[in-house]
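J.: Protein sequence lines correspond, in order, to chains A and B.
Positions 64 to 464 (this note's numbering) are the ones given, in order, by the first sequence.
Positions 729 to 980 (this note's numbering) are the ones given, in order, by the second sequence.
In case anyone wonders, no lab produced these hints; they're calculated from the structure.
Some hints could be false.
[Claimed, not checked] Computed cross-link-like contacts, DSS-like style, restricted to lysine-lysine with a CA-CA straight-line distance of at most 25 Å:
1. LYS780(B) with LYS799(B)
2. LYS896(B) with LYS780(B)
3. LYS69(A) with LYS969(B)
4. LYS296(A) with LYS735(B)
5. LYS296(A) with LYS799(B)
6. LYS735(B) with LYS439(A)
7. LYS868(B) with LYS68(A)
8. LYS799(B) with LYS868(B)
9. LYS735(B) with LYS920(B)
10. LYS68(A) with LYS793(B)
11. LYS869(B) with LYS296(A)
12. LYS969(B) with LYS954(B)
13. LYS780(B) with LYS868(B)
[What the hints assert, rightly or not] Residues of chain A clear of chain B, computed beta-carbon distances all greater than 10 Å:
14. ILE77
15. MET198
16. PHE288
17. MET291
18. GLY349
Cβ atoms here follow ideal geometry from the backbone N, Cα and C, with glycine treated the same way.
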Amino acid sequence: MLGLKKADLRLFLIVVGLVVFAPFLLNPFPESVGMAQFNAGYPDLMQKLVIFGIFAVGYNILFGLTGYLSFGHAAFLGVGSYSGVWMMKLLTMNVIPALIVSVIAAGLFSLLIGYVSLRRTGIYFSILTLAFAQMCYSLAYSVLTPITGGETGLTLSLSDPRILGAAQAADGNIPAAHIFGLGMGESAELVLGDWSFTFNVGYYLSGIVMLVAFYLAIRLFRSPFGLMLRAIKSNQTRMSYTGLNPRPYALAAFVISGMYAGLAGGLMVAMDPLAGAERMLWTASGEVVLMTILGGAGTLIGPILGAGVIVYLESIISTINSSVLHGWFNALPDWLENTLVNIMYPFVGSGWHLTLGLVFMLVVIFLPGGIVEGGKRIAGVFKRNRAEPSGDIKKSAEPGE
Amino acid sequence: MGILEVKGLNKRFGGLQALGDVNLEVQESTCHAIIGPNGAGKSTLLNCLVGKLMPDSGTVMFQGKDVLGCKPHEINQMGISRVFQTPEIFADQTVLENVLIPCFAGRDGSFRMRAFESIGSEVDIISQAEEMLREVGMHKKTDMLAGSLSRGDKRRLEMAMSLVQQPKLLLLDEPTAGMSRADTNNTIGLLKEIRTSRNITMAIIEHDMHVVFSLADVITVLAQGKILVEDIPENIKGHPKVREAYLGDAEV
Ligand SMILES: Nc1ncnc2c1ncn2[C@@H]1O[C@H](COP(=O)(O)OP(=O)(O)OP(=O)(O)O)[C@@H](O)[C@H]1O
Ligand SMILES: [Mg+2]
């Protein structure tokens, strides 16, 4: 079905399920208990989860398949964001044209940067992409202020010359981003006893876009083109002596991943029409590298998991402060409570990067294949346990396609 | 006129003359062996033919077309395929995928974006690859990672990758080095069979004289970058110059 093999289809349907039911899945704790702290089912965070999922899925096409480690992909995200805002300023508050233009602009941009950077491989390639991204950041931050809004960032204003649509909404405010009239900020609320679940238009739009992006990535992974990208990582020498030109393959992968980044950037401004230069900073590029490696580079689902974990950790851990910590350990004797709080304090709040660093180190050292490898190992243990009693019952033949 | 014509090839590495005025003509449908002691410049000669090295001077014509200055993938697409002295394979991929890649390269050329077709639906290509793997006796290992194969199997795999392209000229750099006697004999059989059934011209570098004399129609002896003699196998066997060059390096 959908041109996918059985295992891929199952994976895709699981992701569809996760996206559709995320408002429930991410809000497991009732509002009143302290654990509600760990709920993630609110629109902002859910949007961020899927948008970074797109970014990482795209990045994985380059890094996971070809092995080219780019440190500049945030630049394409930034280009996507700026062009998205400009479309909303100039054309319409409907997000569709904004998204399309974001993808195209990021694609063109990555074609340029990729063409130059791919003249080198390995560490030199990485450094070239890093240099380009930092140049873009500086340009956006200062030189190109008329286009990018410089330090303050690019925002909508009441005097935008919007061709299709009014400069001001009926209430005199800046009009809201929408898709054919359905506002991105609109939400439906479902209250069940102590639980409340929010279903947000923006989230579901981003979710659908992510599913399409993920589906295309699966197709690409299983295609002859995907095979060639893997060949680049495996042995470029053999590839050229087999009659294949690695350069355009790598460039195509670079541009595709740049377009995914642009799409993510476009979605960000569709949810919140503000684009700042810091979105292009090298730390932002590094973040998507972390996401991909943490989840499992070169695997289908890995980048989505990695993005999920990092975005979740960032927003949940960074809201924990010392009074929350004290609340947790209230029941303990004072001296123990204080010691524990003192130990944990540097790792929460603004120190969440410390936690991230720790998690990342642990994963890279003990699970070089990322979360996906961890999952496989656990599944392997279960399978062995199950296989022992049932013995040689069957190895069910999977029907092709 | 030969399918491959090499004229006046020179290559220096610093002070070392790796190739000195090498002239070579490989006739279509023959097996041309190049032998010589270690460091004679045999691999360097191949490197100049496939675009890995640029010679300092000389010309290389393949089917009347100039090869020098072309990129390796362009030369391969012209019909020259090479098996390396140390196996070059796609170590992270399965044995089957290793053979699929040259199949796609043969059908789709040096670049083609087929990002939405599924490999699984390329029935022709897959059966072509499987057929090739059966011929080299590796059909039971199709799902293994190529990197985990034994050295001899890596060589056979690389040979399969070259053969499946149906090249006009196949360049083999010590294809049986590191193989057991039995595997060597299998390889000889395979190459003989391929020659008669597919009409592939071969140039083979080999230290194993058993292999050389089983396959070669013509033998060129290279020593210190220069061609000593070129003749049919019967005349090479007892040639004094060849003995001198090898100095007991191998019994000729
Ligand atoms: N890239 C290179 N840079 C410098 N010197 C080289 C290079 N390649 C080969 N040489 C030198 O050129 C000479 C010829 O090397 P080549 O590999 O062609 O020998 P060969 O005949 O293939 O020997 P063998 O039988 O050991 O494979 C050697 O002395 C080698 O050290
Ligand atoms: Mg050699």
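J.: Each hint should be assessed against the structure and marked as holding or not.
T.: Here is how each hint holds up against the structure:
1. LYS780(B) with LYS799(B): Status holds; Cα separation ~8 Å.
2. LYS896(B) with LYS780(B): Roughly 19 Å separates the two Cα atoms, so the pair holds.
3. LYS69(A) with LYS969(B): violated, 66 Å
4. LYS296(A) with LYS735(B): violated, 37 Å
5. LYS296(A) with LYS799(B): Roughly 20 Å separates the two Cα atoms, so the pair holds.
6. LYS735(B) with LYS439(A): violated, 58 Å
7. LYS868(B) with LYS68(A): Satisfied, since the Cα-Cα distance of roughly 23 Å is no more than 25 Å.
8. LYS799(B) with LYS868(B): violated, 35 Å
9. LYS735(B) with LYS920(B): violated, 28 Å
10. LYS68(A) with LYS793(B): At roughly 45 Å apart (the allowed maximum being 25 Å), LYS793(B) and LYS68(A) break the hint.
11. LYS869(B) with LYS296(A): Within the cut-off at roughly 22 Å; holds.
12. LYS969(B) with LYS954(B): holds, 12 Å
13. LYS780(B) with LYS868(B): violated, 33 Å
14. ILE77: holds, 20 Å
15. MET198: holds, 29 Å
16. PHE288: Violated, since 4 Å does not exceed 10 Å.
17. MET291: violated, 7 Å
18. GLY349: holds, 25 Å
The structure fails hints 3, 4, 6, 8, 9, 10, 13, 16, 17 (numbered hints given earlier, in ascending order).
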